[in-house]
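Enquirer: Sequence:
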Amino acid sequence: MVAQIGFLRYRRHSMSSEEWQAEWRQLAALGLGLMSRAFSPDEMVIVKPSDIGNCVGDVVLAHDARSKSLLLSVSLRTFILSVLKSDSRREWTRGRARYWRKTINDFPVLANVDVKNLDDAKLSAYVWLVNNAFWAELRSKTAPERVLILDGEEVSDLPEATLATVLAFFGVPFTPEDVVRIATSEAASCHSKRPKNQYDASKRRADLLDWERRFGLEADQAVEWASGIARDLKIGRVDGPVAGVAPRMSESLEAVPETA
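Remember, our numbering sits 4 above the position in the sequence shown when you count from 1.
In case anyone wonders, no lab produced these hints; they're calculated from the structure. Think of the CB as a built atom: it goes at the ideal place given N, C-alpha and C, for glycine as much as any other residue. Hints are not guaranteed to be accurate.
[Claimed, not checked] Keeping only pairs whose Cα atoms sit at most 27 Å apart, straight-line, the calculated DSS-like set for lysine-lysine is: (1) K238 <-> K120; (2) K52 <-> K207; (3) K145 <-> K52; (4) K145 <-> K89; (5) K200 <-> K238; (6) K207 <-> K238; (7) K106 <-> K200; (8) K106 <-> K207; (9) K200 <-> K52; (10) K72 <-> K207; (11) K72 <-> K238; (12) K72 <-> K145; (13) K52 <-> K106; (14) K89 <-> K52; (15) K207 <-> K89; (16) K197 <-> K207; (17) K120 <-> K106; (18) K145 <-> K207; (19) K200 <-> K120; (20) K200 <-> K72.
[Said to hold, decoys possible] Pair ranges (Cβ atoms, derived): (21) I186 <-> L34: 28 to 38 Å; (22) K120 <-> P199: 34 to 44 Å; (23) R94 <-> F11: 14 to 24 Å; (24) Q225 <-> D46: 49 to 59 Å.
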């Protein structure tokens, strides 16, 4: 539902801009109203949207003053490496880059990029920048106190602290025992996309080292290219989980050597 609302926001139409905004916002309010229904007043609705949902974060927060947003992301470099490791992710990224290039007129710096001539590393950087452009507006203009930024690396490196942070942010009652029980459960040690595979911080670090050896040079070039665009967008540094956010002091990727 959130993705469909996002697609609608930039759909081509014959209406004037003002007419379409009125029409689209009415549809968005209807969709969000349906999604936020609960069976009792003390229940909370949690939605994990696709990446397209990043372009409607402002509307979601404006729809209900009680709503909050969690931005779970990784640094630009890690994102690039995670795309380059897989043919399917490369193909997905190519499609997303073409889609955003045709629709994001609100960000001329990105709309003017010629994605046809970019390699997969730079295309992945482009997609990361698009999402961060949306997030930058969300964090600066729409109830920033209701937005939590979470470094994706902390999910595997610091599961208990991360879980406690998320639960507290959303106002979910919990005890320290609850956190330990959930963080050490069988489900918490499985790969999110391949539940039958055991996965933990050590395996993720091994994966990152492997990706770095295979694609480090391509990632270097893409990060350098994207850093200039980030400056033009005024979204800040790109070495943290979200543009403009500094990496953790105890950076989990410090074991991954930077390619010269």
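Enquirer: Taking the hints in turn, state whether each one holds.
Expert: Here is what the structure says about each hint:
Simply put, K238 and K120 have alpha-carbon atoms about 24 Å apart, close enough for the 27 Å limit, and the pair holds. Taking the CA atoms of K52 and K207, the gap is about 25 Å. The hint holds against a cut of 27 Å. At roughly 22 Å between alpha-carbon atoms, K145 and K52 fall within 27 Å of each other, so this suggested pair holds. Using a Cα cut-off of 27 Å, the hinted pair K145 and K89 is violated, with the two alpha carbons roughly 35 Å apart.
Distance check on the hinted pair: K200 and K238 sit about 42 Å apart at the alpha-carbon level, beyond 27 Å; violated. A threshold of 27 Å between alpha carbons decides the hint, and for K207 with K238 the separation of about 35 Å lies outside it, so the pair is violated. Using a Cα cut-off of 27 Å, the hinted pair K106 and K200 is violated, with the two alpha carbons roughly 38 Å apart. For the given pair, K106 sits about 38 Å from K207 by alpha-carbon distance, which is inconsistent with the 27 Å threshold.
For the suggested pair K200 and K52, the alpha carbons sit about 21 Å apart, so the restraint of at most 27 Å is met. Only pairs whose Cα atoms come within 27 Å are accepted, and K72 paired with K207 is rejected, the gap being roughly 32 Å. Pair hint K72 plus K238 holds up; C-alpha atoms about 24 Å apart against a cutoff of 27 Å. About 14 Å separates the Cα atoms of K72 and K145, which keeps this hinted pair within 27 Å; it holds.
With a C-alpha separation of about 25 Å, the suggested pairing of K52 with K106 holds against the 27 Å cut-off. A distance of roughly 24 Å separates the Cα atoms of K89 and K52; the hinted pair therefore holds under the 27 Å criterion. Restraint check for K207 and K89: the C-alpha separation of about 15 Å stays at or below 27 Å, so the hint holds. Taken as a hint, the K197 and K207 pair is honoured in the structure, with Cα atoms around 15 Å apart against an allowance of 27 Å.
Under the criterion of a C-alpha separation no larger than 27 Å, the hint pairing K120 with K106 is consistent with the structure, at around 12 Å. Proposed proximity of K145 and K207 is contradicted: the alpha carbons are some 38 Å apart, above 27 Å. For the proposed pair K200 and K120, the alpha carbon gap of about 37 Å is over 27 Å, so the pair is violated. Our distance criterion of 27 Å between C-alpha atoms is broken by K200 and K72, whose separation comes to about 31 Å.
Range check, I186 to L34: about 35 Å between beta-carbon atoms, so the 28 to 38 Å window is met. The beta-carbon spacing between K120 and P199, approximately 37 Å, falls within the hinted interval of 34 to 44 Å. Range check, R94 to F11: Cβ separation about 22 Å, and the 14 to 24 Å hint holds. At roughly 52 Å, the beta-carbon separation of Q225 and D46 lies within the given 49 to 59 Å, and the hint holds.
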